[in-house]
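Generate coordinates for the entire structure from the input sequences, incorporating the hints supplied.
Residue numbers for the sequence shown follow the numbering used here, beginning at 1 and rising by one.
Since the hints were derived computationally from the structure, they do not count as laboratory data.
We put the beta carbon where it would ideally sit given N, CA and C, even for glycine.
Treat each hint with caution, since some may be false.
[As the list claims (entries may be wrong)] EDC-like, lysine to aspartate or glutamate: derived pairs with alpha carbons at most 20 Å apart:
1. K297 with D276
2. K88 with D40
3. K354 with E385
4. K388 with E351
5. K297 with D40
6. K392 with E352
7. K392 with D402
8. K290 with E278
9. K196 with D118
10. K159 with E385
[Unchecked claim] The calculated label-pair distances, taken between Cβ atoms and stated as ranges, are:
11. T199 with E122: 18 to 26 Å
12. G182 with R279: 33 to 41 Å
13. K196 with M416: 22 to 30 Å
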Amino acid sequence: MTTKTFVMYPSLGVGHLNPMVELAKHLRRRGLGVVVAVIDPPNNDAVSADAMARLAAANPSITFRLLPAPASPDVGAHPIKRSHDTLKLANPVLREFLRSLPAVDALLLDMFCVDALDVAAELAIPAYFFFPSQASALAVFLHLPYHYPNLPSFSEMSKAALLRFLGMPPIRTVDMPAMLRGKESEATKVRLYQFKRMTEAKGVLKAEIGGERHACLAWLDAQPRRSVVFLCFGSQGAFPAAQLKEIARGLESSGHRFLWVVRSPPEEQTTSPELDLERLLPAGFLERTKDRGMVVKNWVPQAEVVQHEAVGAFVTHCGWNSTLEAIMSALPMICWPLYAEQAMNKVIMVEEMKIAVSLDGYEEEGLVKAEEVEAKVRLVMETEEGRKLREKLVETRDMALDAITEGGSSEMAFDMFMRDLEESSLENGVRS
1 MTTKTFVMYP SLGVGHLNPM VELAKHLRRR GLGVVVAVID PPNNDAVSAD
51 AMARLAAANP SITFRLLPAP ASPDVGAHPI KRSHDTLKLA NPVLREFLRS
101 LPAVDALLLD MFCVDALDVA AELAIPAYFF FPSQASALAV FLHLPYHYPN
151 LPSFSEMSKA ALLRFLGMPP IRTVDMPAML RGKESEATKV RLYQFKRMTE
201 AKGVLKAEIG GERHACLAWL DAQPRRSVVF LCFGSQGAFP AAQLKEIARG
251 LESSGHRFLW VVRSPPEEQT TSPELDLERL LPAGFLERTK DRGMVVKNWV
301 PQAEVVQHEA VGAFVTHCGW NSTLEAIMSA LPMICWPLYA EQAMNKVIMV
351 EEMKIAVSLD GYEEEGLVKA EEVEAKVRLV METEEGRKLR EKLVETRDMA
401 LDAITEGGSS EMAFDMFMRD LEESSLENGV RS
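Given below as C-alpha cells:
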C-alpha cells in the first residue's frame with residue numbers, strides 16, 4: 001500500500017509549531033508520511049531558527065522543508081496584519097512546493113494560514129485546520145464573525161460586562177483577547193476574517209491531552225520534591241524591566257525555590273538571544289538567591305521541566321500547550337495571561353476546571369506587584385487551597401489519560417479524522 005503523505009503548514013514563529021510537530025509524531029505512528037513546510041523566519045529571527053533546528057534534529061522521521069520568505073509587506077502595518085499578509089504572499093511558494101511533491105493526500109494548516117485554502121482548492125487537496133488551544137476558545141472564535149458585528153466594541157463596554165457564547169461560561173470583556181477589543185481595529189478585522197474562513201476547511205483538529213540534557217534539569221535533580229516554582233511564559237512572553245524586578249522581589253520574599261525563564265523586555269529585544277540579567281533584575285538578586293533559585297535566559301525544555309518531581313507550581317501565561325503539559329503532570333498553575341486567547345483559557349482553568357489560581361492585576365496597565373506574586377506562590381505552595389488544587393489536577397490528569405487510551409474520546413476523535421482522510425482520498429484521488 002502506498003504511504004499517504006500529509007503536509008503541515010504552520011504560521012510564523014514557534015508557538016504553534018511545537019504542538020503541530022507533536023501531531024506529526026502521532027501521524028507517523030499511524031504510518032503516514034509527514035512533511036512540515038515552514039516559511040523561513042523573517043527578519044533573521046534567531047530564536048525561531050534555533051527552535052526549528054532543534055525540532056528537525058529531534059524528529060528525523062519527519063521531513064522539514066524551509067520555504068523562502070516572500071517580500072516583506074507594509075512594515076508600518078499592525079504585526080498581526082503584517083504576519084497575515086506575509087502568509088498570503090507566500091501562497092505562490094507553497095503552491096510550487098506542493099506541486100513538486102509526488103503526492104499530497106491532505107494539507108494541515110495552522111489556524112492563521114487561512115489563505116492557503118485557496119492553494120488547497122486549486123490543487124484539489126483536502127485541507128484541515130489545526131487549532132492548538134482549547135475547544136471553548138474555538139467555539140468563541142468561530143462564532144465571533146457572526147456575533148461581534150451586532151455588538152459595540154468590547155473596548156467600549158464595561159470590563160466586567162459578561163459575554164455569552166455556546167460552549168463557554170460567561171466571560172468578561174477584559175478576558176477577551178486584546179486584539180479583538182476594538183471592533184474597527186486592523187488586528188480585529190484580520191482575526192475575524194481568519195476565523196470566518198476556517199469554516200471552509202474539511203475540519204478542525206484541536207489540541208488534546210496526549211539531545212543534550214539542559215542544565216536546569218540537573219539543577220532540579222538536586223531540589224526536594226515539589227519544592228520549586230517554575231515560571232515560564234511561552235515563546236513570545238516578555239515583560240518590561242520594571243515588571244521583571246517586581247517578579248524577582250516577589251520570588252525572593254516568598255522564600256521558595258524557583259526556576260525562572262527570562263526573555264529580553266519588549267523594548268530591548270533584538271535578534272541576539274543574549275540579555276543582561278544583572279542589569280534587568282534587582283541589584284544583588286542573583287547572588288542572594290543563588291542557593292535556591294535558577295534564572296535561565298530565553299528557553300528551557302518545558303515539557304521535561306513540568307514533569308520533574310521537584311516542580312511544585314507553574315506560573316504560566318496560560319498557553320494551551322503549557323496548560324496540557326501541566327495537567328499531564330498534575331501541576332498546580334498560577335495564571336498570568338499575556339495575549340491571544342490566554343485570558344479565556346484562564347477562565348476555563350480557574351472557574352470551570354478549578355486547577356489554577358489567577359494573579360490579580362495582570363489585566364491592568366500597571367504592574368503585577370511583588371506582594372501579589374509572593375501571595376499566590378505561598379497560596380499554592382503552602383496552603384490547603386494549594387493541596388486541593390493538586391487533588392483536582394490528579395483527577396483531571398486521570399481523565400486525560402483515559403481520553404488518549406484505546407477507546408478514549410481523543411483516540412476515537414482521531415480515528416474519525418483518519419476515516420475522513422481516507423474517504424477524501426477516495427473522492428479526490430491522489431494528486432500526482
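Compare the distance between the alpha carbons of K392 and D402 with 20 Å, and conclude whether the hinted pair is satisfied.
-> It holds: about 16 Å lies between the C-alpha atoms, which stays within 20 Å.
For the pair supplied as a hint, K88 and D40, confirm whether the alpha-carbon distance does not exceed 20 Å.
-> 14 Å, holds
Are the Cα positions of K297 and D40 separated by 20 Å at most?
-> Violated, at roughly 24 Å.
Please test the hint of 18 to 26 Å on the beta carbon pair from T199 and E122.
-> Because 19 Å falls inside the window, the suggested range holds.
Restraint status (C-alpha distance of K354 to E385 at most 20 Å) | Cα-Cα ~11 Å, so holds.
Verify the proposed pairing of K297 with D276, using a straight-line Cα cut of 20 Å.
-> Roughly 9 Å separates the two Cα atoms, so the pair holds.
Take a quick look at whether K388 and E351 sit within 20 Å of each other, Cα to Cα.
-> Since the Cα atoms of K388 and E351 sit roughly 14 Å apart, the hinted pair holds (cutoff 20 Å).
Is the straight-line distance between the alpha-carbon of K159 and that of E385 20 Å or less?
-> 28 Å, violated
Pairwise hint evaluation, E278 against K290, where the allowed Cα distance is 20 Å at most = 13 Å, holds
Taking 20 Å as the top limit, are the C-alpha atoms of K392 and E352 close enough?
-> 12 Å, holds
Decide if the proposed pair is consistent with the structure: K196 and D118, CA atoms, cutoff 20 Å inclusive.
-> The hint holds at about 14 Å.
Given the hint of 22 to 30 Å, check if K196 and M416 actually sit that far apart at their C-beta atoms.
-> 24 Å, holds
Going down the numbered hints, you'll see the structure goes against 5 and 10, while the others check out.
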